[in-house]
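Chemist: Kindly produce the complete structure, drawing on both the sequences and the hints.
Chains as they are written, first to last, in this note's numbering: chain W, 1 to 120; chain S, 1001 to 1193.
Everything labelled a hint here was simulated from the structure, so no lab data went into it.
One thing to keep in mind: the hints can contain errors.
[What the hints assert, rightly or not] Subject to a maximum C-alpha distance of 25 Å in a straight line, what follows is the list of computed DMTMM-like cross-link-like pairs (lysine to aspartate or glutamate): (1) K46(W) - D1148(S); (2) K46(W) - D15(W); (3) K1087(S) - D65(W); (4) K46(W) - E1043(S); (5) K1058(S) - D1030(S); (6) K1136(S) - E8(W); (7) K1058(S) - E1043(S); (8) K43(W) - D1124(S); (9) K46(W) - D1030(S); (10) K43(W) - D4(W); (11) K1136(S) - E53(W); (12) K43(W) - D1132(S); (13) K1136(S) - E54(W); (14) K46(W) - E8(W); (15) K1029(S) - E53(W); (16) K46(W) - E1178(S); (17) K1087(S) - D1124(S); (18) K1166(S) - D65(W); (19) K1029(S) - E1043(S); (20) K1058(S) - D1044(S).
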Amino acid sequence: MRCDELSELLASSPDVSDIADRRARKHVEGCLRCQAEVAQYRKLLKALRSLREELVATPHGLVGDILVRLEEAGERTAVRSLLAGRRAAYVGGLAVATAAAGAGAAVLLVSRNRRLRAAA
Amino acid sequence: MPEELAALVTAARDGDRAAFDELVRVTSKDTYTLAFRLVGNEEDARDVVQEAYLRAYKGIGRFRGDAQFTTWLYRITANCASTHLGKRKKHRHDELPEDDGAMYADTDSTRDPQASVVASSLRDRLTSALDDLPPKLRSVVVLRDVYDLSHEAIAAELGISETAAKVRLHRARRKLREIVFPLPGEEDEAHAV
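Modeler: Structure (structure tokens):
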């Protein structure tokens, strides 16, 4: 087994005990070059993890800009819901008016039929 | 601090706008740092952060709380950064083939790696190496190795398969190692044991 065949494996498993392939693990345990590479990956991962605590300086006014955009989004949402509410009221009113007209027409029809029957 | 954050998240989910504003103030440095690491410059990071908070604001009602709020926000930021980078097609890195390892490998076999590490601090070298990675590789290694997101979450937010996420992670780690800890004669020496 050659060191360069293990390159990807070492990048994915910097802990030798995590290497499932027995042949590969045996090679690494007996190879100074691969062990050096493993040690370097461990150092690299430790350094990468430590970057989590290191914050980049935020540009001036960033929070203000975010809050303004949120405000605008909130206003847009409010306008949309207001319009949606008005639309619902309009549609509801129309439905009530239609129902009332229908009921009126039905009453007229019934009373007309009764009058016709009484005349006959 | 986590309890304070949890209380703010609960209030924001219930529609308390002031609570959400406070969440922005508390988390913006962390979110900006992630955005900056993903896109590599201030202007784009600013856009990504604003878009991320806007999406978070619209989606906070759907945040179930089974993950940490910061992790949820990282995922949104990663997704926004990925979309942003997708739009930025003329970036110099996008024109490079992903396998162009020679560009990142240190081929000067006479240099003493220990001396190089001493010359500049490990963290500086690492930050610089991260900046030089193509965005596709940088995103994955930052999200996995710095912010501890799962392969599944990374794949979902970047719109790639888990296998692709793993492959990119190995490539990214390898390139970083080659830059930060170059082995003498690494490129041409292939010894068998």
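Chemist: All hints, please: hold or fail.
Modeler: Against the structure, the hints come out as follows:
| no. | hint | verdict |
| --- | --- | --- |
| 1 | K46(W) - D1148(S) | holds (12 Å) |
| 2 | K46(W) - D15(W) | holds (13 Å) |
| 3 | K1087(S) - D65(W) | holds (22 Å) |
| 4 | K46(W) - E1043(S) | violated (29 Å) |
| 5 | K1058(S) - D1030(S) | holds (20 Å) |
| 6 | K1136(S) - E8(W) | holds (18 Å) |
| 7 | K1058(S) - E1043(S) | holds (23 Å) |
| 8 | K43(W) - D1124(S) | holds (14 Å) |
| 9 | K46(W) - D1030(S) | holds (19 Å) |
| 10 | K43(W) - D4(W) | holds (20 Å) |
| 11 | K1136(S) - E53(W) | holds (23 Å) |
| 12 | K43(W) - D1132(S) | holds (19 Å) |
| 13 | K1136(S) - E54(W) | holds (22 Å) |
| 14 | K46(W) - E8(W) | holds (19 Å) |
| 15 | K1029(S) - E53(W) | holds (11 Å) |
| 16 | K46(W) - E1178(S) | holds (16 Å) |
| 17 | K1087(S) - D1124(S) | violated (29 Å) |
| 18 | K1166(S) - D65(W) | violated (36 Å) |
| 19 | K1029(S) - E1043(S) | holds (15 Å) |
| 20 | K1058(S) - D1044(S) | holds (21 Å) |
Comparing the model with each earlier hint shows violations of hints 4, 17 and 18; every other hint is respected.
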